[in-house]
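Asker: Protein chains in written order, with the numbering used here: chain A, 128 to 404; chain B, 3 to 320; chain C, 1478 to 1905.
The hints are simulated quantities; they were obtained by calculation from the structure and are not laboratory data.
Among the clues, some could well be false.
[Stated by the list, open to error] With a straight-line cut-off of 27 Å between C-alpha atoms, the simulated DSSO-like cross-links for lysine-lysine are:
1) B:Lys213 <-> A:Lys290
2) C:Lys1590 <-> C:Lys1817
3) C:Lys1548 <-> B:Lys255
4) A:Lys290 <-> A:Lys320
5) B:Lys104 <-> C:Lys1896
6) C:Lys1843 <-> C:Lys1745
7) C:Lys1712 <-> C:Lys1780
8) C:Lys1770 <-> C:Lys1843
9) B:Lys104 <-> C:Lys1883
10) C:Lys1612 <-> C:Lys1576
11) A:Lys320 <-> B:Lys213
12) C:Lys1659 <-> C:Lys1764
13) C:Lys1597 <-> C:Lys1803
14) C:Lys1781 <-> C:Lys1723
15) C:Lys1723 <-> C:Lys1656
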Amino acid sequence: MSRRAVRLWGGGLLTILTIAGIGLTLLPYFWMLASSLKTGGEVFELPIRWLPREPQWWNYPDALSRGAFAVYFFNSAVVALAVMAGNLMFCSLAGYGLAKFRFPYREASFRLILSTLMLPLEIVLVPTFLVVRGLGLVNSYGGLIVPLAVDAFGIFLMRQYIKDLPDSLIEAARLDGCSERGIFWRIILPNCKPALGALALLTFRDNWDQFLWPLIVASRDTLKTFPLGLAQMEGIDSAAYHEIMAIAVIGMIPTAIIFLCFQRAFVRGIAFSGLKE
Amino acid sequence: MARERAAAARAQPWPRWLGSLRQAVGWRRLSLHTRLCWAGFLFVLPALLHLIAFKFYPMLEAFRLSFYQYDLMSPPVFHGLENYRSVWNNPLFHQSFWVSAKYMFGVSIPEWFLALALALLLNRRMPGRSLIRLAYFFPIAMSQIVVALVWKFMYNPLGVVNTLLSYVGVGRINWLATEETALPALILIGIWRGIPLFGVIYLAGLQAIPKEYHEAATVDGAGGWQSFVHVTIPLLMPTILFVMVMSLLSAMKVFLNPLVMTEGGPNGTTRVLPYFIYDTAFAYHRMGEAAAASMVLFAFAFALTLIQLRLLRRGGLE
Amino acid sequence: MKRFLSVCLACSVAAVLLGQPADAQQTSITWWEHSNPPHNNYSKELVADWNKKNPTRPVEYEFFAMTPYFKKLSAALSTRSAADMFTVIDTLLPSFTTKDVLAPIRPEWLGYKNLEDMKKAYLPGALEGYIHEGKLYAVPMIASVFSLYLNRKHFREAGLDPDKDYPRTWEDIGRVGQKLVKMQGSTMVREGFDFAMHSSAWTMWYMEALTRQYGGSILDRAGRKCTANGEAGVKAMQVRSMYVHKYKISDPTVSQATNALPADDLPKGRVSMFITHAGSVAQFGPKVMEDMKVVPLPQVDPKKPISVVYGFALAVNPQVPEAKQKMVHDLIRHVVRNPKEWYEKTSYPYPSANFLELPGMDEARKTRYLDVFVGDIKTGTYVTRSPYFIEISDAMHRAMERVVLKHEDPKASLDQACKEIDAALAKP
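Pulled out of the complex, with its shape left as it was, chain A reads as follows (with noise of 0.2 Å):
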């Protein structure tokens, strides 16, 4: 075979790859939405449905009034969001503080930091409980949010991506008799876009959809999120699937707008080259 026709079986073989592994990416996708819009009776249909024979719409108001889910979506928008903003907020400070300057035990610092990345959630629950009932926030959206606001991920992220913007700048807006306040507002936090991009994403999708946490710590309807809600549609023995799947692709909405408004500053924030200075 001449190179020219290696080149276009490549090319063509490539081509299908690509397909078919879009086709497998987004396969749950397309499941869940035609499952949203099947009868229950169509949901385990054999030979399988892939199609409904008729979108039920009315699927969709159904599932939602099966719980106050307007009250666990704005829940979960609202621990979401602030997460997201006290992860922005204290990550990015963080992150300068451990870039930039040299204090005693700034290693040992971010060790200590670091190490925290791999505490499972499922045994400090009831310690954690005991610090947030100290405060008496037990029940109340400060008890949802306070205790995720800084996760050393974020630290981490922030930190990697600071450490690569040159120093020069810094250096020169303090000759110009900046503050150092001022330097984080305004040389560095606009200079991270990308990398502020990436965590809002990530910390938005992790915490759009907390579950053991708000199980643990809000014991009323009007502070439930909405997985606890998805989760008690399961009933004793019981589950209406094509409801389940309605509120799914829901709750799906938001992750996938914030995800579309910060697409383009993901690829760029998260990249671990050490090469940009």
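Fit chains B and C to the supplied structure of chain A, relying on the hints for placement.
Answerer: Chains B and C in isolation, oriented as in the chain A frame:
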């Protein structure tokens, strides 16, 4: 530009109380070096205080409890090393440890390669590239609980996975209720969800490699493969190491999928360590033992983090 | 960027401040429950009714998804932050009572002279599952039992008369099942009979029933040693697996009996006979029930029927002051005062002595197999009382999975389960 900004920052007054505080400690009289020391420390302080309250204190508390017999409801009783002994002697813990190890490497090793392949693919010039990228990266946006529910639904014996396989002549499998297939089924989900995220990270790393490097290699007569091995891989090393460690750590933490999809079954084949800890603590009411088990998990993870730091340093990231 | 951050931060601070607990009302009573839609809806009705009558001491009712609910309850009891009243399942009672986290129920506050007097108002044995060292710790709100459901249409298609030919013994199931099972080549497309295998609690319920029918028990009398690997236990396990391995009327790869739809094969016609609880009547709905028939749980010896009951009950938080505990007792009285309505709204029987004789029950006895369920409740006792119930049932469940899925020898598999159970029992 910088000058304007600096001027603006100077014009902004400090809150009054902060000003007097600065006066009291004699901020202005400190040397620049000391001031920078303090400034750096103060930047880190809020996060550090938060972590002390919500991570280190609970962690120490868990460490303390690992020496106590504690059923959550009666007061804890000091127990020496008994918890560690009973965890060590518990075959279910050993099983969980291996399940976790299998899951960790089963998910992360394919991720390393497939994510890199994806990034290389998406870094090529092709029609509709941004749309293709969007499609591939979309699983990043799906939240945990939705992932678990949708896949549980797809793995149903009458679900879409079996239907697709039946087209190629594979018989019906009850994926989540068969010992041999339950863990691989969960691993597949982990890979499906992990590849896009790590693909993005690789892609970012690839894009940060200046074009001149490849051009120089081509001028020297290197083919595509040689250029990949001798230029791309070495320059991508920090990213590769980062992805390796992050994928291992995130796979180690998996909890919601087994909880929602298999409850650790069948016959414990999907009971990963975090799930073992959760069950031991809250279903069996053996908080002390759960704490001991999590100390083992934590030590394991901490060792991994240290290796990570060492590797990252060697990779030139520090 | 700065503005965006400030806005986000301001929002979160506002959320934290505004979201402070607003419960200055010390007089309100909190009630937690597991999620189960018909049950929750009726509970809500009862609460609304109570709140109308008692505006000064309103009830705050909350329910949580079933599986994590009991874990939340453990965490809450551990941190002294549980509700004033909460619904518990009978199997978990010993793990609470042995740790002193439930307040003893005072029969006199419920309008009975004493516990003996209260027992007379219930079916014999109905309160036993909630008694620990002579004291009652929870008041039943429902009792349920596992009975055999069968598809009448399938029976008639196979030339069987569902009213005469229904199985009485476990062997009957195998024989009848072979006429009902449907094959397509080598794959089973309709099971003759199946056990649910999605949860360790269900496994425990039927394994315990089977073991007792063979004259054995899961634990010894003192509850300190596992006896499930005795002769009776092994026979029980053989019954559990014989439909898969010997009669070939059941196939775990066909079964849909997954969480949270363990009984879904039956209404969809994918299995002809299935053992499930009384609540399924309401879950299937009247249309599906037209084709169904419910018969008593199959027996080893139909002359000496033995079954296993379970139930949900209301418990009182001992951490609240006595005056409030009294209020909670009033609430309990309010909740359980109308067994007939409970039954009609949730289809779970109430274990009161006069339940079947209540006015208006004839209809249900005729069309909803109430006699069958209550009959099985009468021959039933609660599962083994042990504070280690979940560990025991998980071990038994794994043993069952090894036998059914991997064809392991029942005796060997139960030996291993007993080793695990004994290890759990030996720990303090």
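Asker: Look at each hint and say if it fits the structure.
Answerer: Hint-by-hint comparison with the structure:
1. The hinted pair formed by Lys213 of chain B and Lys290 of chain A meets the criterion: a straight-line CA distance of about 23 Å does not exceed 27 Å.
2. As the CA atoms of Lys1590 of chain C and Lys1817 of chain C are separated by approximately 24 Å, the hinted pair is consistent with the 27 Å bound.
3. Pair hint Lys1548 of chain C plus Lys255 of chain B holds up; C-alpha atoms about 20 Å apart against a cutoff of 27 Å.
4. Distance hint between Lys290 of chain A and Lys320 of chain A is fulfilled; the C-alpha atoms sit about 14 Å from each other, no more than 27 Å.
5. This hinted pair checks out: Lys104 of chain B and Lys1896 of chain C have alpha carbons roughly 26 Å apart, not beyond 27 Å.
6. Using a Cα cut-off of 27 Å, the hinted pair Lys1843 of chain C and Lys1745 of chain C holds, with the two alpha carbons roughly 24 Å apart.
7. Restraint check: the Cα-Cα separation between Lys1712 of chain C and Lys1780 of chain C comes to about 19 Å, which is no more than 27 Å; the hinted pair holds.
8. For the hint pairing Lys1770 of chain C with Lys1843 of chain C, the CA-to-CA distance comes to about 12 Å; that is within 27 Å, so the pair holds.
9. Simply put, Lys104 of chain B and Lys1883 of chain C have alpha-carbon atoms about 21 Å apart, close enough for the 27 Å limit, and the pair holds.
10. Taken as a hint, the Lys1612 of chain C and Lys1576 of chain C pair is honoured in the structure, with Cα atoms around 14 Å apart against an allowance of 27 Å.
11. A distance of roughly 24 Å separates the Cα atoms of Lys320 of chain A and Lys213 of chain B; the hinted pair therefore holds under the 27 Å criterion.
12. With a CA separation close to 24 Å, the supplied pair Lys1659 of chain C and Lys1764 of chain C stays within the 27 Å bound.
13. For the suggested pair Lys1597 of chain C and Lys1803 of chain C, the alpha carbons sit about 22 Å apart, so the restraint of at most 27 Å is met.
14. With a C-alpha separation of about 26 Å, the suggested pair Lys1781 of chain C and Lys1723 of chain C falls inside the 27 Å cut-off, and the hint holds.
15. For the given pair, Lys1723 of chain C sits about 14 Å from Lys1656 of chain C by alpha-carbon distance, which is consistent with the 27 Å threshold.
When the structure is compared with the earlier hints, no violation turns up for any of them.
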